[in-house]
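J.: Make a model of the complete structure from these sequences and hints.
Number of protein chains: 2
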Amino acid sequence: MIIIKQDDAVVTVPMDMEGVEGVFKKVLIGPDDGSDTIVMRHFRVAPGGHTPFHSHEFEHVVRVINGRGIVYGGPGQEREVTSGQSLFVPGGTMHQFRNSFEEPFDFLCIIKHQD
Amino acid sequence: MIIIKQDDAVVTVPMDMEGVEGVFKKVLIGPDDGSDTIVMRHFRVAPGGHTPFHSHEFEHVVRVINGRGIVYGGPGQEREVTSGQSLFVPGGTMHQFRNSFEEPFDFLCIIKHQD
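Protein sequence lines, in the order shown, are assigned to chains A and B.
With the first letter of the first sequence counted as 1, position 106 gets the number 127 in the numbering used here; the numbers rise by one all the way through.
With the first letter of the second sequence counted as 1, position 22 gets the number 43 in the numbering used here; the numbers rise by one all the way through.
Please keep in mind that the hints were generated in silico from the structure rather than gathered at the bench.
One thing to keep in mind: the hints can contain errors.
Here are the simulated DSSO-like cross-link-like pairs (lysine-lysine), alpha carbons at most 27 Å apart as the crow flies [said to hold, decoys possible]:
(1) A:Lys-133 with B:Lys-47
(2) A:Lys-26 with B:Lys-47
(3) A:Lys-46 with B:Lys-26
(4) B:Lys-46 with A:Lys-133
T.: Now the structure itself:
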């Protein structure tokens, strides 16, 4: 059975984690839909907000779908990204998504399902 | 090292497979970028085009990013999808993406990296 989901049918949860400010998360497709291997999340970073500056073993595949933001990888590694760009964050790489702009910054962040 | 990619920096390849008509593919993020677990592809189905009606063991996580199309799952299972919707196609499920409209139908299709 093919599942089709509207964004507004998915619950939005504020991210509650150390180092987070103004970030909202939706699990668009994940284990509850029967996905065993891939989880696709939607993150919205409000103006002035940011994800934690952190790293983890799993990889991120990211697609910016609305607005623009800053990807921060450490001192001197600050790059602007905009809607329609694709990103890859290897496992073990420090990273942070920031919104220094006036519009919401939205991206899909896809990870392997963590067993 | 975080990788940032522009769509127009990625080669577009016409899909050459039985049952395909008017479909163009880009691997946005994949093994060449160092991704060991996830591959994010972009497919464009031209007006009148379609992917093969087929199934395979691996799952698809799909995000429609432009236009609209038809997801066909077999007789009586034909549903319209539009930009901003998310889909899950379980492993072993017959599926086909068709474009019966006048604008290009674009979607991201994310799969587990096949070893």
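J.: Within 27 Å, alpha carbon to alpha carbon, are Lys-26 (chain A) and Lys-47 (chain B)?
T.: 24 Å, holds
J.: Are the Cα atoms of Lys-133 (chain A) and Lys-47 (chain B) separated by 27 Å or less?
T.: 21 Å, holds
J.: Keeping to a limit of 27 Å between CA atoms, is the pair of Lys-46 (chain B) and Lys-133 (chain A) held or broken?
T.: OK: Lys-46 (chain B) and Lys-133 (chain A) at ~22 Å, within 27 Å.
J.: Compare the distance between the alpha carbons of Lys-46 (chain A) and Lys-26 (chain B) with 27 Å, and conclude whether the hinted pair is satisfied.
T.: 23 Å, holds
When held up to the earlier numbered hints, the structure conflicts with none and fits them all.
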